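Generate the whole structure from the sequences, applying the supplied hints.
Chains W and Z are the protein sequences, given in the same order.
When you line the first sequence up against this note's numbering, it's residues 1 to 330, in that order.
When you line the second sequence up against this note's numbering, it's residues 1001 to 1330, in that order.
Hints listed in this document are in silico derivations from the structure and should not be mistaken for laboratory results.
Since the model is a prediction, treat every value here as computed from it, not as a measurement.
Think of the CB as a built atom: it goes at the ideal place given N, C-alpha and C, for glycine as much as any other residue.
It cannot be assumed that every hint is accurate.
What the hints assert, rightly or not - Reference listing, derived: stretches of chain Z covered by chain W, where coverage requires no fewer than 3 residues with Cβ under 8 Å from a Cβ of chain W:
1. 1062 to 1075
2. 1081 to 1092
3. 1160 to 1168
4. 1179 to 1187
Stated by the list, open to error - Residues from chain Z shown here face chain W by an in silico Cβ test under 10 Å; the list is partial:
5. Arg1005
6. Glu1012
7. Glu1019
8. His1120
9. Ser1128
10. Ala1304
11. Asn1309
12. Ile1314
Number of protein chains: 2
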Amino acid sequence: MSEIRKHYFLREYCIIAEERAKRPSDFAGAAEDSQKNNSEHCVFCGRNEEKTPPATAVYKNGEIFADTGKNRIRSWDFRCFPNLYPALTPASPFQESCEKDPEVIPGFGFHEVIVESPAHGKKLEDFSDTEISGLMKVYRDRVCHYAENEKISYVSLFKNSGKAAGASQNHPHSQLIALPVCPQVMERELAAIRDSHKCPYCVLIEKEKNSPRLIIENSGFIAFAPYYSTVPFEVWILPKKHLSFLGDLSPELLFALGEILRAVLRTYKKVHENLPYNHMFYQLFETPEYHLNLRLLPRLSTAAGFEFNTGIYINSVSPEKAASYLKGDK
Amino acid sequence: MSEIRKHYFLREYCIIAEERAKRPSDFAGAAEDSQKNNSEHCVFCGRNEEKTPPATAVYKNGEIFADTGKNRIRSWDFRCFPNLYPALTPASPFQESCEKDPEVIPGFGFHEVIVESPAHGKKLEDFSDTEISGLMKVYRDRVCHYAENEKISYVSLFKNSGKAAGASQNHPHSQLIALPVCPQVMERELAAIRDSHKCPYCVLIEKEKNSPRLIIENSGFIAFAPYYSTVPFEVWILPKKHLSFLGDLSPELLFALGEILRAVLRTYKKVHENLPYNHMFYQLFETPEYHLNLRLLPRLSTAAGFEFNTGIYINSVSPEKAASYLKGDK
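Structure below.
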C-alpha cells in the first residue's frame, strides 16, 4: 500500500509507491548511461587548457593561480573557468529585482565550471583524502568569492553526473551559478524556518540520527535517506552543528564533508556501477537561521506529467529500503 | 545575452539563454525516442482487454459501459481502467489531511489509465474531429466523476508521450490521478489569484493574444508560447472565457479544445517527427476564481542540479522564437 508523505517542515508531499518498482522501465536511465566515457577531444582534460576560456582560479600544489591572456596554467589539481555556454553573464547589466519585481531582468550573473581533476575517468568516490578535501576547499572558496559580490543574492553549487542527470561532458566537474535573485524555493524554506521556534533541520537531525533511514555519520555530518524522499535513493547530508553556508566550515569540517560525500557515492555503486545523479548545496549566506545541506538525487526515474502538474513526486523505493540497501543490510 | 524572466503572477523565474541552444546534446532526448513503437504484447491494444484490470468506463458508439467480472467489452473507442501499478488506491484508508497536516497520509486515491484508441500507432494529431472531441468528452467525464467524490481534493489529468516524457507504454494513453490533498503548486496559484483584483489568466490572455508568442486561436481557446517558458517549445492553451475546470465546458468548447490541442501537436512535428512531451490540465473544481489551462511541455532538455536547487529553469529557446518556428514563419 502506498503512502503520501509530507516534507519535514514544508507543505510539500511525495508519494511512496513501491508496487511501481516492479516496472522494468524504472531503472532504465542508469543502464543507458553506464558505457559512455569517451575522452576523445575532451576540453576539460589536462593539456587541453587552451580549449576553454581563461581560468579564473587554478588550484595547484595548494596555491591558487589564474590564467592570464593566452597563457594557460598546466598540471593543475582543480580548475575553475567561465562556462562556454553561460546561463548568465557579468556582461549583462545588473538590475535590482526582488523588490520592484519586474518581469524581465537582464541575465546578469556568473556561470562557472569547476573541473575536479585533470584525469578524464576520475570519479569522486575514488578520490584520495587530499583530493576530496581539496575539492571541498575549492567549493567553499568559489561560493565565498561570489557571496562577497553585493549584486549576488544566491549561489547555486551543483554537480550533474551522467547524461541522465543533465551532464553534457562526462569529465568529472561541478558547476556554480551565481544569481542576482533569491530562488523562491529558498525563500519559502526560510519563511518556514523563521516561523519555527527551533531550526527544523536541527530537529530533523535528532529524528533521523536514530532512524532506519540513517546511512552513515562521521565527526561532523550525518547522511540519511530523507523521510520525504522524492526519488529512489535520495540522500541528504547535513552538518550536525547549525551552520548556514560553506563559508562557515572549518578545515576539519570540510574534510569531514568530503569524506561523507565520498562514502555515500561509494554506497551508490551498490545500485549501479555508474549511477547518474545530481548533487546540490542548499545554503544561504548572511542568513544564520538557515542550515546548510547537501542533497544527492539519483536519476533513475523520469519526472512526468503528474510531477509537473502537482509538484508531488512518485517514488518507487521507500527511504527505509533505500538506506538498508545502501548500508548493505541485505 | 540571456534574460531572467518572471512568471506572469507568481514570484517564479526562468532563464532564457539562447546561446546554450548551440549545444548538440540539447535535443538528444527526442532523437533517441523517434524509432521505438513496438506493438508486440501491448496490453493497451484492442483485443488484449483481458490483460488489464476490468475497465471502469468503456466508450463505444457514443455509449458508456463497464467491464463486469471476467467479461471484457471489445471494439471500443476509448477505454478507462485502474493503473496496474497505481500510485494511489481506493483500498487505502482515507484520511483528512490538509487541516491536521500529518506527516503520513495513507495512499488513498485513484489512478486511472485512459486509452485513447484501440490502435497502437494512432496519434492525437491524426485523430478525426469525432475522435478528438470524443477524447475531450472522456477527459471531462472522468474528471467530473472523481470531482464528485468528497474525499478527493484534486484531480490530475495528464499525458506522457514518449520515453523521454516518462511513458512506459507507447500505446496512446493519458492518465488521471485523483488526490486526497490539494498540491501546494495549485494552492500557491490560487492565493496569488485571490490577491489580484482581476483574474491574472484573463489579463495574460489579453496580453498574449496580440503578442509574437501567439501560435493559434479558435472560437473558444488561445494557444501561445508563454512569456515565462521553462522548456523549449512550451505551449499553454487557455479558454478565452473564464472557466475553472473541464466540467464547465460545453460540447462546442470541448470540440474547440480538442481542435486546438490537435493543431498544436501538428505544429510540434516541425520540431521532431516524434516529439516527446507531457500535457497537463491545471484546474480546480468548486473554485470559480481559478482559470482552467492546459500546458504542453516538450521534453528536449534534462532538468539538472541547478533546476532542482533553485526551481529556476534554463531554457535555450525563447518563446518568441518557438512561436515563430511553430507557426512556420521561417
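We went through each hint and held it up to the structure:
Residues of the region 1062 to 1075 of chain Z with a Cβ under 8 Å from some Cβ of chain W number 0, which does not satisfy the need for three, so the listed coverage is violated. For the region 1081 to 1092 of chain Z, the proposed coverage by chain W is satisfied: 7 residues have a C-beta within less than 8 Å of a C-beta in that chain, meeting the threshold of three. Remark: the region 1160 to 1168 of chain Z is confirmed as covered by chain W, as 7 of its residues place a Cβ nearer than 8 Å to a Cβ of that chain, reaching the required three. Here the region 1179 to 1187 of chain Z counts 8 residues with a CB under 8 Å from a CB of chain W, which clears the bar of 3, and the coverage holds.
Satisfaction of the interface hint for Arg1005 (chain Z) is found here, the shortest Cβ-Cβ separation to chain W being roughly 6 Å, below the 10 Å cut-off. This hint holds: Glu1012 (chain Z) has a C-beta 6 Å from the nearest C-beta of chain W, less than the 10 Å allowed. Because the closest C-beta pair between Glu1019 (chain Z) and chain W is about 6 Å apart, less than 10 Å, the hint holds. At its closest, the beta carbon of His1120 (chain Z) sits 17 Å from a beta carbon of chain W; the interface hint therefore is violated under the 10 Å criterion.
The beta carbon of Ser1128 (chain Z) is not positioned within 10 Å of any beta carbon in chain W (closest approach about 24 Å), and the interface hint is therefore violated. For Ala1304 (chain Z), the interface hint holds, the least distance from its beta-carbon to any beta-carbon of chain W being 3 Å, beneath 10 Å. The interface hint given for Asn1309 (chain Z) holds, since its Cβ lies 4 Å from the closest Cβ of chain W, which is under the 10 Å cut-off. Because the beta carbon of Ile1314 (chain Z) sits about 5 Å from the nearest beta carbon in chain W, less than 10 Å, this interface hint is met.
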